[in-house]
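J.: Here the protein sequences line up with chains G and H, keeping their order.
Under our numbering, the very last position in the first sequence is 170; numbers go up by exactly one each time.
Under our numbering, the very last position in the second sequence is 326; numbers go up by exactly one each time.
Take the hints with a grain of salt, since some may be wrong.
Unchecked claim - Below are the PhoX-like pairs computed for lysine-lysine, each with C-alpha atoms no more than 20 Å apart in a straight line: (1) 314(H) / 22(G); (2) 324(H) / 277(H); (3) 22(G) / 310(H); (4) 314(H) / 16(G); (5) 213(H) / 280(H).
Unchecked claim - So these bits of chain G aren't anywhere near chain H, every CB distance computed over 12 Å: (6) 3; (7) 64; (8) 98; (9) 100; (10) 113.
Hint data in this document are derived by calculation from the structure and do not stem from the laboratory.
The structure presented is a predicted model; accordingly, all values stated were derived computationally and were not measured.
Note that CB positions come from ideal geometry on N, CA and C, so glycine has one too.
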Amino acid sequence: MSKDMKELPGTPVSGKELKSDKIITFEWRPNAKYAWSAGIAYGRYLDELKEGRIIGRRCSRCKRIIVPPRMFCEQCFVATNEWVYCKDTGTVNTFSLSYLDADANRIKEPILVAVIDIDGASPGVGILHLLGNVDPKKIDVGMKVKAVWKPPEEREGAVTDILYWEPMED
Amino acid sequence: MSFDKIRDPRKIHHQIGDMECDYIYTAGVAGERFYIALRDEEKLLATRCENCDITFMPPRLYCDKCFAELANFMEVPSKGVIESYTITYFDRDGQALPEPEILAFVKIDKTDGGLIHRIGDIKPESLKIGTKVTAVFEAKKERKGALTDIKYFKPA
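Isolated chain G, as found in the complex:
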């Protein structure tokens, strides 16, 4: 605000007033539907998740196995050329205990977020997912984990077909 300005012009309206009948407002939700195509690689990945499998792609040049699969290797800029099934086990690469939910509300029980390097994929290749069935204090980098799947009839071809990852018994 300029120093010459003594007060803000305009008519202040509070959020409460906006939702009351006191002032005249027009509410609208635009009809903005979308269908986002997952593409060939990610589409197959989601379809395989429905079957309880994790699939990746191998790069023809650097031979990395990439999960989630992509049709191009982002390091070599060449097409990936082979489908590779991976295991539904992995290693905690990094993790976080979140005391905020997706809408930024404070929560008592933390959401356990982790990047899990998938067994069968190249080192450092992994997915962001949830940990469960574990004492938050005992989570550590390098911990071996196994996917806990939804029952087959409830799977819908989404990353949430894996409920969470739990520690593997030694």
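Keeping the supplied structure of chain G fixed, place chain H upon it in accordance with the hints.
T.: Quick look at chain H alone, frame taken from chain G:
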């Protein structure tokens, strides 16, 4: 190189969603007075710039031309003349309407502006630019402080 050919894009996994970009639009200071007069008194209000000889319908707080503040709201007749019209067979989402609707720009008498609104009680064949029309108001308890408090304009 091997690419998996997809011949039917519908076979690819799709994520279906709805963007919830809701909004609340306020009518503003002039709009507020306009809609309240419409709702409570069946009146159309306009503002006038004496300097430029323009009467604003719907009312504006400031003159478009000289930027003067327009404080005087005056009642104008709730009737006017069809200046342009169209007949529509589809709604906003492209769905066929049960009955075609006539939409027109009605220049409001004694003003330099007008309203886009429905035209009723008339056969599309007898529509003409220049037809004099008058507002038909919604029953008082149905009015919400919106332009739809006028149901439609009918031939005067």
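J.: Which hints from the list above does the structure break, by number from lowest to highest?
T.: Nothing - there is no hint that the structure violates, so all of them hold.
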